[in-house]
Amino acid sequence: MNHQPFETWILLETKLTPAQNRELLNHLRTCPQCRRLAQSTREITHLFKTTPTPYPLPGFTTRWKRRLNQKEQGKKNLITWVTLSTLTLTVILTMISFSTQIPSLSEHFPQLLTAFISLTTRWITFITSLQNIFSPLFRVGIKLIPSTWIFAFAISLSGITIAWLVTLSKSNSFFIRR
Amino acid sequence: MHNDEKQWAIQAQQGNSDAFTNLVIKYQKQVFSVCYRMLGTPTAAEDAAQEAFLRAYLAIDKYDINRSFATWVLSIASNYCIDQIRKRKVILLSVDNEKHSWMVPPSQDPTPERAVLDQEKQEQIHALLETLNETDRAIIVLQYWHNFSYNEIAETLSLSVSAVKSRLFRARKTMAKEWQKETILTPHPAHLPLERIAHESPTI
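Those protein sequences? They're chains A and B, same order as listed. Numbering follows this note's numbering, in which position 138 of the first sequence is assigned residue number 140; successive positions increment by one, without gaps. Numbering follows this note's numbering, in which position 130 of the second sequence is assigned residue number 200; successive positions increment by one, without gaps.
Quick caveat, the hints were computed from the structure, so don't treat them as lab data. Heads up, some of the hints might be wrong.
To be verified - Below 27 Å or equal to it, Euclidean Cα-Cα: the simulated DSS-like pairs (lysine-lysine) are:
#, chain 1, residue 1, chain 2, residue 2
1, B, Lys243, A, Lys67
2, A, Lys73, B, Lys96
3, B, Lys235, A, Lys17
4, A, Lys77, B, Lys235
5, B, Lys132, B, Lys157
6, B, Lys96, A, Lys51
7, B, Lys243, B, Lys157
8, B, Lys132, A, Lys78
9, B, Lys99, A, Lys73
10, A, Lys67, B, Lys132
In this text the structure is predicted, and so the values were computed from the model without any measurement.
Required output: the full structure, derived from the provided sequences and hints.
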């Protein structure tokens with residue numbers, strides 16, 4: 003039996019003219035296959051239309067905002083990582099290019115060593131000169147200032163140092179915890 | 071499109087995330103519904119709906135404000151769900167109690183009998199939808215639950231109108247066959263009268 007156009011009419015729920023509707027009903031009376039098809043289609047439509055639509059749990063928008071923030075944070079992290087990686091790569095490349103210069107540096111090693119020793123000697127000379135100037139003044143000052151004042155000064159200096167050390171240790175442990 | 075909605079969309083395009091949040095509040099149920107019908111579990115539906123809104127937010131500059139926001143966001147959601155099914159990340163199973171307890175029941179105070187009946191219906195729907203491929207499933211979901219016209223479905227899923235009709239024909243035939251198999255095994259109590267019901271199909 004030819005089921006067209008009835009199958010199409012049934013399955014696509016085509017708008018039918020009264021004549022077409024009569025034609026379809028006549029066909030359905032004689033064709034059990036199309037009747038079953040029509041009935042199933044109607045029952046499925048009924049099921050779909052009468053079943054309640056599920057809703058998301060309350061707080062959907064809050065969860066969405068959290069997800070958006072995470073995504074944006076992830077994007078920021080990615081940018082940070084890309085920047086850091088680029089910097090690291092630049093440093094590595096610079097070091098590689100610098101290392102190619104090492105042979106020429108090694109050639110000039112004696113001169114560099116001489117310059118280093120000369121600079122160190124000058125620093126030592128400078129500090130010694132300062133010591134020579136200030137040590138007589140210090141010796142005289144010690145004799146002029148009363149011993150209780152010196153004792154009080156030493157005590158307060160120690161206290162400040164201890165307070166500073168305690169603050170430092172606390173701030174270190176704070177950063178480690180973070 | 072509603073004026074408020076248009077304003078929110080314009081403000082969102084200017085970078086106002088609060089304006090977009092209003093759109094999320096308005097369309098969360100529709101988007102969740104599409105995802106739930108497509109993927110079959112509330113957990114997967116929640117995840118897909120969230121992702122769909124996220125993608126919509128990130129692509130808001132591409133949104134044409136003269137177009138319906140609902141069509142646009144449902145298009146993103148249904149295409150995302152199609153991809154998810156294709157990737158086989160989502161295992162479609164018949165729903166169980168644990169999964170359903172995750173959802174808010176649509177009725178505020180359902181009786182136990184009503185709840186059981188609703189759950190049975192949900193299972194029947196999932197069983198029917200599982201017989202279809204992902205694109206046909208999306209067409210059925212958009213047509214039955216969101217009353218999309220053939221043109222809107224075609225636009226949403228990037229198909230031609232004739233392809234939509236042909237897929238709809240095939241999908242309904244597949245579901246009818248499955249339904250007949252099921253009703254032969256377990257006769258369905260509510261057989262409807264034979265007269266043709268008033269046409270509810272979307273028109274082109």
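Status of each hint after checking the structure:
| no. | hint | verdict |
| --- | --- | --- |
| 1 | Lys243/B <-> Lys67/A | violated (42 Å) |
| 2 | Lys73/A <-> Lys96/B | holds (22 Å) |
| 3 | Lys235/B <-> Lys17/A | holds (14 Å) |
| 4 | Lys77/A <-> Lys235/B | violated (42 Å) |
| 5 | Lys132/B <-> Lys157/B | holds (26 Å) |
| 6 | Lys96/B <-> Lys51/A | holds (22 Å) |
| 7 | Lys243/B <-> Lys157/B | holds (26 Å) |
| 8 | Lys132/B <-> Lys78/A | holds (23 Å) |
| 9 | Lys99/B <-> Lys73/A | holds (23 Å) |
| 10 | Lys67/A <-> Lys132/B | holds (21 Å) |
Going through the hint list in order, the structure does not satisfy hints 1 and 4.
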